[in-house]
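All chains, please: the whole structure from these sequences, using the hints.
So the protein sequences, as listed, match chains X and E. If you read the first sequence in the working numbering, its first letter stands for residue 1, the second for the next number, and so on. If you read the second sequence in the working numbering, its first letter stands for residue 1, the second for the next number, and so on.
Incorrect hints may appear among the rest.
Here are a few chain X residues that face chain E, going by a calculated C-beta distance under 8 Å [as the list claims (entries may be wrong)]:
| # | residue |
| --- | --- |
| 1 | 82 |
| 2 | 83 |
| 3 | 87 |
| 4 | 94 |
| 5 | 102 |
| 6 | 104 |
| 7 | 144 |
Please keep in mind that the hints were generated in silico from the structure rather than gathered at the bench. C-beta atoms are modelled at their ideal positions from N, C-alpha and C, and glycine is treated no differently.
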Amino acid sequence: MTRLNNQHRNKLTTEILKNTIRFILLIMLQVLIIQNINLTSYIILLPYIMVIIMMPFEADKLLVLFSAFLLGVCIDFFYDSSGLHAAACTLMGFSRHYVLKYISPRDGYDIGVEPTVSDMGLAWFLRYAGTLVLVHHFSLFYLEIFRFSEFFHTLLRVLLSSIGTFGLIYLIQFLFYSKARRA
Amino acid sequence: MKNLFAFVLKHNFIFVFLFLQVICAWLMVHNNGFQGSHVLNSSNRVVSNVYETAANTREYFSLKQENSRLATENTVLRNFLRSNYVSVPVTEFRRSDTVYKQQYTYISAKVVNSSVNKRRNFLTINAGSTEGITRDMAVMTSEGVVGIVTNVSSNFCSAMSLLHKDVRVNCQLKKDGSYGPLIWNGEDYRYCQLTDIPTHSKITKGDTVITSELSGIFPEGIMVGTIESYERKRNESFYTATVKLSADLKKVNYVYIIKNKFKGERDSLEQSTQKQIDD
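So, in structure tokens, the structure goes:
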């Protein structure tokens, strides 16, 4: 019984450590590298939201919400945007719970499975991450401009950026979380 | 009361979410435009240290261009050296210091962070209140105008670049002095739009655009860019011109911050005049 408990605790510690490291690394990636990539003003890549997308299924929804807020605040510090990213991330962390519930398999998610392409398949991941990326980008770009006079211009930016960000997230997963590596 | 409490507890997820969004909204309202001081900004110590380290590393890659730019500037400055000129024994025209007051002074600094791809772009510069920087000072490179200082900490300051949706710099055509505000439509970081140029002005492609004294921030005559194209929109009696910026905002490295010594005096005079008119 104690051994089982110990094992469980060890696994929990690893999960927390893994997620914290991912948190820091992705912020650094976003701020030091991705921020300097200027494709056009229409495509802005924000792969840092992967932190929230990749949190384990078992994570408490309140924990997800607070992590999202903290993540947004950290990015705000670097982007000089005071509250903008925090608002978008919090909304995304909030909707993650409902998105997961809406698209869950009939008998729930298996234990030990991660929300990645290799574990859940591309179709599922596209629905899951695609929705979250859209929610995040939509709120972010409209809050940033905060007027309706450039509505369609902004909509185009949202769509193109979402495609770009999703592509980059898929690429990062392909590089670091592919099946061959795990086996 | 008890029911209310139970209700809040039952839906704690939603209430925590709303609470966090209220914090975000508060942060954003404080960040509003020119006047508000940012609560979260990159002149914070940890953030600016990260950016400075990155900028120091990046600097090595542009040493060559930076060197040749400095060499060019040195050549220009060398031309002004006193030793280049033969002194003319003039007795009548003695320049007295009481005749020329210095209005603008320049402080040199390095950009540690900048962006060009957002709708509100900022620069972080490694000079702060210890170097005598205050808000609303102008920022330029040797090639042209870059932006305006908005926030100052003790060792760093943040400046809105020309590529910010709220920036309006008064500019004029060098040729005939017709002026208008320069704004950015958010599309290409190399071009800004010069609006409100009267239609009787003989504007042509390639005209030089310089800053105007009207802004109260920039000295007159600093290079901004050249006219790339211009059009007169239907039902408008003004030209809108696309200006190719002479400073490459993607590659700003060393900048000058311009201090207007008479700005306080001028602002308070204008304010009191406005007040007299209002009363």
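Looking back at the hints listed earlier, which ones does the structure fail to meet? Of the numbered hints given earlier, those the structure breaks are 5, 6, listed in rising order.
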